[in-house]
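Asks: Here's the letter readout for the chains.
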Amino acid sequence: MRALTRVGWFFAILFGLSAPFWLSGYRLYQFSQVLIYAIALLGLNLLTGFNGQISLGHGAFFAIGGYGAAILIVKLGLPYWVAIPAASVVCFIAGFLFGFPALRLGGLYLALATFALAVATPQLLAYKGFDALTGGSQGLQVLKPTAPFGWPLNVDQWTFLICLASTGTLFVLARNLLNGRVGRALIAIRDHPIAAEAMGIDAALYKTICFGISAFYAGVAGGLDAVAVGFVAPESFGLPLSLAFLVGIVVGGLASIGGALFGALFIEFVPNYADQLTVFLGENAKALPGAIYGVLMIVMMAIAPTGVAGLVRSMVRMMRSSGRT
Amino acid sequence: MLELQHQLASGLALGGVYAITALALVMIFQATQLLNFAQGEMAMFSTYLAWTFINNGWNYWSAFAATLALSFVGGVLIQRFIVRPFAHAPVLASVIIFIGLSFIFNALAGFLFGYSVQSFDSPFDGPPWFGNKFMSASESGSVLVSLAVLVLVFAFFRYTPLGLAMRAAAQNPTSARLVGVRVGSMLALGWGLAAAIGAVAGMMAAPIVYLDPNMMGGILLYAFAGAVLGGIDNPWGAVLGGFLVGVAENLLGAYVVGEEVKLSVALVVIIAVLVAKPSGLFGRRIVARV
Amino acid sequence: MSAILRVVGLKAFYGPIEALHGIDFEVEDGRVTALLGANGAGKTTTLRAVSAMIRREGTLEYAGRPLRARAPEDVARLGVAHVPDGRGTFTDLSVEENLRLGAYARRDRRKLKADFERVFGYFPRLAERIKQQAGTLSGGEQQMLAIARALLSAPRLLLLDEPSFGLAPLVVSEIFRILRAINENDGVSILLVEQNAGLALDLATRAYLLETGRVVVGGDASAIRANDSVRRAYLGY
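Residue numbers (our numbering), protein chains in the order written: chain A, 118 to 442; chain B, 294 to 583; chain C, 7 to 243.
I should point out that these hints are in silico values taken from the structure, not numbers from a laboratory.
Treat the hints with caution; some may be incorrect.
Stated by the list, open to error - With a straight-line cut-off of 20 angstroms between C-alpha atoms, the simulated SDA-like cross-links for lysine to any residue are:
(1) 245(A) with 548(B)
(2) 403(A) with 404(B)
(3) 192(A) with 202(A)
(4) 137(C) with 454(B)
(5) 570(B) with 271(A)
(6) 192(A) with 249(A)
(7) 426(B) with 296(B)
(8) 119(C) with 507(B)
(9) 17(C) with 61(C)
(10) 403(A) with 409(B)
(11) 245(A) with 544(B)
(12) 245(A) with 561(B)
(13) 137(C) with 450(B)
(14) 403(A) with 147(A)
(15) 555(B) with 253(A)
(16) 555(B) with 247(A)
(17) 555(B) with 254(A)
(18) 192(A) with 346(A)
(19) 403(A) with 389(A)
(20) 117(C) with 188(C)
(21) 245(A) with 352(A)
(22) 261(A) with 279(A)
(23) 570(B) with 217(A)
(24) 570(B) with 218(A)
(25) 245(A) with 505(B)
(26) 570(B) with 147(A)
(27) 403(A) with 411(B)
(28) 403(A) with 505(B)
(29) 117(C) with 189(C)
(30) 137(C) with 118(C)
Said to hold, decoys possible - Stretch by stretch, here's where chain A covers chain B in the computed footprint (C-beta under 8 angstroms, at least three residues):
(31) 325 to 337
(32) 430 to 438
(33) 460 to 473
(34) 563 to 571
Computed from a predicted model, the values in this text were never measured in an experiment.
Note that the Cβ used here is the ideal one computed from N, Cα and C, for glycine as well.
Using the sequences provided together with the hints, build the complete structure.
Replies: And the structure:
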């Protein structure tokens with residue numbers, strides 16, 4: 118299993134490193150989006166998959182990262198490689214603070230509270246009172262990053278490489294976190310909260326920090342997204358975004374790191390292909406992604422609760438055992 | 294002064310919508326300990342059904358009745374085939390199922406009925422009732438219908454054997470079985486009822502917020518806020534909460550925070566109540582899933 | 007004497023764990039049969055198995071016909087009223103609503119009014135507290151309510167799980183007096199699970215002793231009561 122995972126990651130990395138040189142501008146942009154979503158999904162998975170805290174509102178932290186970075190870049194003139202980390206730290210703090218009241222809310226109520234957060238976010242972002250900072254309902258335009266030192270890479274290629282580097286770093290970070298004591302503590306808190314406390318794990322601390330880290334990841338993703346897309350506007354950060362994240366981790370695999378990549382591919386390309394089908398099926402084919410999301414969520418819960426990542430693991434296990442006998 | 298009265302009046306009209314939606318949410322919560330995140334999309338879809346009937350020449354009240362009947366059946370089927378298989382699954386699974394359901398209804402509505410905004414007339418037109426000065430006929434009618442629904446539901450649960458059996462099944466399924474109540478069927482009936490109530494809510498809301506696949510998102514949030522405020526396990530608290538939220542939303546929107554951020558009022562209410570007094574104004578205990 | 011309930015080779019399971027290892031017993035029609043034994047012997051499990059509340063195997067015959075019902079609500083509808091341990095009161099509902107639930111599934115509604123009057127005759131205190139919330143009743147009153155509720159379903163067989171549990175001796179003897187009246191006047195057969203062996207053996211005509219999921223002694227109740235060694239070994243007195 119280990120070998121197969123390593124091979125899988127090897128090819129993924131190979132693909133990633135070579136992509137800027139053979140993919141077209143638009144395709145490259147799409148894969149940048151995939152990487153961005155993967156970071157966000159990893160963050161959400163940390164919180165919901167590994168630690169059992171249901172968040173239907175991660176789009177809000179994504180928005181804080183995006184708007185934070187955009188404001189720092191546009192209003193304060195900071196370069197993106199300062200703005201994005203700075204905005205992400207703000208997200209960490211926001212997530213950590215949100216984690217405190219979240220402690221008092223059990224699974225369902227936390228889902229409700231984060232649901233409310235997701236629905237309310239676009240209105241808050243468009244609020245006239247913050248106009249000067251946020252650009253109101255028009256949003257903010259952000260200049261895309263250019264390659265440093267005059268390297269011969271265009272904007273799309275450079276953006277992709279930034280995303281790749283960020284994704285790589287954050288994935289490795291997550292893996293180390295989860296393989297160690299922290300990861301085991303988080304999972305213990307999810308599955309047996311009383312036993313975990315009895316063993317001396319400070320559940321409150323772990324849960325709030327987990328919230329913070331999860332928000333941090335969403336913030337990095339949001340910041341990268343602002344820079345990759347070139348603007349931020351309130352309507353893009355509503356309930357559909359938060360729910361798409363949920364779909365992503367369900368399809369990709371709850372409590373799976375690799376699953377974040379599968380999920381990201383899914384939520385980036387399914388709407389895309391569905392869009393192309395509108396040529397054949399007419400305007401109302403806009404409904405297709407939603408239908409696919411909905412059906413898949415229910416189907417996956419029924420037959421594959423561990424998502425695509427889990428299915429791959431089972432398939433590999435089956436292949437190995439049949440090979441042995 | 295007139296302006297204030299009018300804000301109160303329209304707050305009551307929408308409050309009625311929130312109140313009956315909150316009732317449906319609490320009904321399902323009491324029976325299953327689950328929050329039906331798909332309640333809004335189900336109501337929206339039902340409203341589109343009514344719209345289709347009306348467009349085909351049916352008169353309003355025939356369309357209304359047919360829609361209620363179809364929604365009831367739909368609710369029963371959803372409970373039987375989608376919710377019940379996951380009855381013993383963890384909370385996250387149910388949340389995912391409900392979100393999946395809401396995706397499906399939203400997509401189905403968009404696919405069958407299109408995404409352009411439609412108008413949906415209130416059946417109550419004409420001059421304001423009793424010559425009053427602050428509530429239009431459609432607002433009065435909407436409040437009346439909401440109150441009628443509430444009275445009928447109350448009477449059903451309080452005075453009929455079936456209503457009693459449903460309450461028993463929700464409170465103590467084991468004991469209910471021992472007296473011969475078919476608990477599974479009671480749950481399905483509860484969902485049917487919730488779906489029918491949701492349909493009424495949608496049809497009362499549509500004249501105000503217009504008909505489009507995304508019409509119920511904000512309304513669902515306000516209904517949740519009302520239910521939480523009143524006490525998530527207390528149906529009549531939830532109803533009162535719904536009316537309070539409706540009026541508060543209107544007044545705060547008009548005089549304090551402005552129309553554009555009204556949804557954050559709901560957000561604040563939900564978080565504040567859940568953190569400070571989770572049982573709401575009238576609820577009794579909060580389920581601690583340990 | 008025919009048996010209203012005949013059980014052969016009954017096994018019962020909590021999940022994968024086998025709690026009853028094949029027991030045989032009978033409840034005579036119109037009589038009281040007692041199931042006795044220490045804590046954990048399997049008495050409550052037996053009642054739950056009869057009511058199809060847990061997975062079971064074996065042969066069960068009710069009123070001469072095989073009892074194939076798979077769900078508790080179906081067993082209840084056949085005329086088996088089960089008063090569970092802990093009484094199973096609907097604590098948030100009123101006394102009246104609890105009683106009406108007892109009558110929910112009964113087929114014969116003509117005699118309902120008469121049955122209500124009879125039940126209030128047995129338990130006048132319930133009539134006094136008719137509108138009160140059931141959860142606020144005392145332990146003894148809740149036990150009476152549970153029995154009254156069971157009676158209102160016009161049962162042929164009453165399953166009673168530890169009616170004396172947690173109650174003062176005076177209340178207990180009053181309840182047992184009423185149980186005797188119910189059995190003798192209304193012809194309701196009773197399968198009684200009790201830890202208080204003395205009381206149970208006074209009331210019952212047959213008794214079975216359970217120990218860790220098996221019947222170790224079964225037979226005439228007065229014979230068991232008179233048998234000193236059995237009493238000392240299994241009933242502790």
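Asks: Each hint: holds or not?
Replies: Verification of the hints:
no., hint, verdict
1, 245(A) with 548(B), "holds (15 angstroms)"
2, 403(A) with 404(B), "holds (8 angstroms)"
3, 192(A) with 202(A), "holds (16 angstroms)"
4, 137(C) with 454(B), "holds (17 angstroms)"
5, 570(B) with 271(A), "violated (55 angstroms)"
6, 192(A) with 249(A), "holds (9 angstroms)"
7, 426(B) with 296(B), "holds (10 angstroms)"
8, 119(C) with 507(B), "violated (54 angstroms)"
9, 17(C) with 61(C), "holds (8 angstroms)"
10, 403(A) with 409(B), "holds (12 angstroms)"
11, 245(A) with 544(B), "holds (19 angstroms)"
12, 245(A) with 561(B), "holds (19 angstroms)"
13, 137(C) with 450(B), "holds (16 angstroms)"
14, 403(A) with 147(A), "holds (19 angstroms)"
15, 555(B) with 253(A), "holds (16 angstroms)"
16, 555(B) with 247(A), "holds (15 angstroms)"
17, 555(B) with 254(A), "holds (15 angstroms)"
18, 192(A) with 346(A), "holds (18 angstroms)"
19, 403(A) with 389(A), "holds (10 angstroms)"
20, 117(C) with 188(C), "holds (16 angstroms)"
21, 245(A) with 352(A), "holds (14 angstroms)"
22, 261(A) with 279(A), "holds (12 angstroms)"
23, 570(B) with 217(A), "holds (15 angstroms)"
24, 570(B) with 218(A), "holds (12 angstroms)"
25, 245(A) with 505(B), "violated (26 angstroms)"
26, 570(B) with 147(A), "violated (46 angstroms)"
27, 403(A) with 411(B), "holds (18 angstroms)"
28, 403(A) with 505(B), "holds (14 angstroms)"
29, 117(C) with 189(C), "holds (18 angstroms)"
30, 137(C) with 118(C), "holds (19 angstroms)"
31, 325 to 337, "holds (count 4)"
32, 430 to 438, "violated (count 0)"
33, 460 to 473, "violated (count 0)"
34, 563 to 571, "holds (count 5)"
Going down the numbered hints, you'll see the structure goes against 5, 8, 25, 26, 32 and 33, while the others check out.
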